[in-house]
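Novice: Same order as they appear, the protein sequences are chains A and B.
Sequence positions in the first sequence follow numbering that gives the first Met the number 0 and run 0 to 249.
Sequence positions in the second sequence follow numbering that gives the first Met the number 0 and run 0 to 268.
Just so you know, nobody snuck in bad clues.
Each computed DSSO-like pair below joins lysine-lysine, with the alpha-carbon atoms no more than 30 Å apart:
| # | chain 1 | residue 1 | chain 2 | residue 2 |
| --- | --- | --- | --- | --- |
| 1 | B | K200 | B | K241 |
| 2 | A | K241 | A | K141 |
| 3 | A | K164 | A | K82 |
| 4 | A | K164 | B | K200 |
| 5 | A | K53 | A | K187 |
| 6 | A | K82 | B | K84 |
| 7 | A | K141 | A | K82 |
| 8 | B | K84 | A | K164 |
| 9 | B | K84 | B | K200 |
Treat the hints as calculated values from the structure; they're not laboratory data.
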Amino acid sequence: MTLLGYRLPGMSSLIIWGLLWEAVGQSGLTFFIPPLSEVVATLFSVIGTDAFQKALAETAYAFCVGVLSAICIGIPTGILMGKNRLVDELLLPWVNVFLSAPLTALVPVLMVLFGFGMRAIIITTTLFAIWIIILNARAGVKQINRSLVDMARSFGATPMDAFFKVYLWAALPEILGGIRIGIIRAVKGVIIGQLLISIVGFGALFELYAANFLMGHFWAVLIVLFALAFTISEILAYLERKVSYYAAKR
Amino acid sequence: MPQTSAAETATGATEDTAFEIAVSTRNISKNFGEVEALNDLSLEFPLGQLTSLLGPSGCGKTTLLKIIAGLLEPTSGEVEVNGQKVTGPGPDRAFVFQDFALLPWASVIRNVAFGLELRGVARSEREAVAEDYIRQVGLSGFENAYPHELSGGMRQRVGLARALAVDAEVLLMDEPFSAVDEQTRRKFQEDLLGLVQDQKKTFIFVTHSIEEAVYVSDQVAILLPRPSRVSEIIRPSSFRGKGVDNIRRDPEYLDIVDEIWTSLRRYVE
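So here's chain A without its partners, still in its complex pose (with noise of 0.2 Å):
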């Protein structure tokens, strides 16, 4: 966008909002919002705190395995569904079903299975990741070109060698489209996690922070939250568009 003929770089409109956050923090209009600036260095302060690193460690621990295990599980079954038949009219239903579903309503079960600590926080994340991976991997598997699956067979492609010479790389642009929308998913099943488990991770800190009013460190905590995930969506899109490049021209 150009304003007065000056090209405005990207979100360069976070500004006004940011302006406008200062404004009524500053006007004292309620707690709950602290001017923008004071939450800022609230953030720099926090940030070095033990309680955020550990908060930090944590979740980071928490996302990972659990999107790991979401990518290591999802995309083989996702595969297997769109290859084998019996096997997609098994599992098609509760993949969709769960893919809707409500799964912040599952978490008190999982603690009751799980306890409640880490394990059932990166149960939680992976549950939120994991249909998508698995629904994009499927839809991926079956577009691929069947004269490219009759190519593989006729020279010969043992079942692995087609797996993991064709079929994962014919499906890849889908299969990185669900990790994409997988791991976004998987930022709110970690953080959701925490917060009804809260006893861990970054949901013992707002647990913490909102007990005690502290608002601006509240806020904080937040704006790195969404920061994080933000980034972490945006490196994905960015890898996506340069696979997306190649599977375009196929």
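Let chain A serve as the given structure and place chain B on it in line with the hints.
Specialist: The following block gives chain B in isolation, referenced to the frame of chain A:
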């Protein structure tokens, strides 16, 4: 009349015993659910020659080719390649696809070497072979290009090189030139004649173009639909040795094209 003296036509497949048979299909039937694609079809393919399967769409010619390739299983009947019963795809047959079927993420050289890669041939060895065939199909210098950087004709040359690289005795070609432009197609047809001469392989060639079939084939099998059957086998004889430039105006060539059109005309709506 040049037509009757030169083009021998036969209703059966076993009329000519002078040729060694590389591939034979016996009493092949294939149903897709209710639909009968092939019904009791028998046909023999002489060694070292090019046989075209020609017919209107829906006559099952691609189905037959895929059954020979082992990609489809016949409902009944059997295929023999060099006396061996076909139970699935095998190293004695290589396939050239209508839509090229190249790996879009792999370079030309990897695509050409892919058949060898799947057979576990070492990288340096298979790339040496691939380079050789890339040169033979006239794509030297494009080894590291990707399929999307090539024209349709060049892509099919890659597909052809890949099929040649595995050194199979039988080459199965499914309308290989139908997705390339007219001029490229003519060049391909001329090159194919040279290939059949040099390679000593058996070619089975599916096409819907009458001119193409007559131009490139040692033997044209005309398939008719509903019920699917081999209606005629035509062996052009007199113009084969006259050079590629003279074939299209040879009287026998023109007569055969005409004759085939006459018999196919009523199947075209």
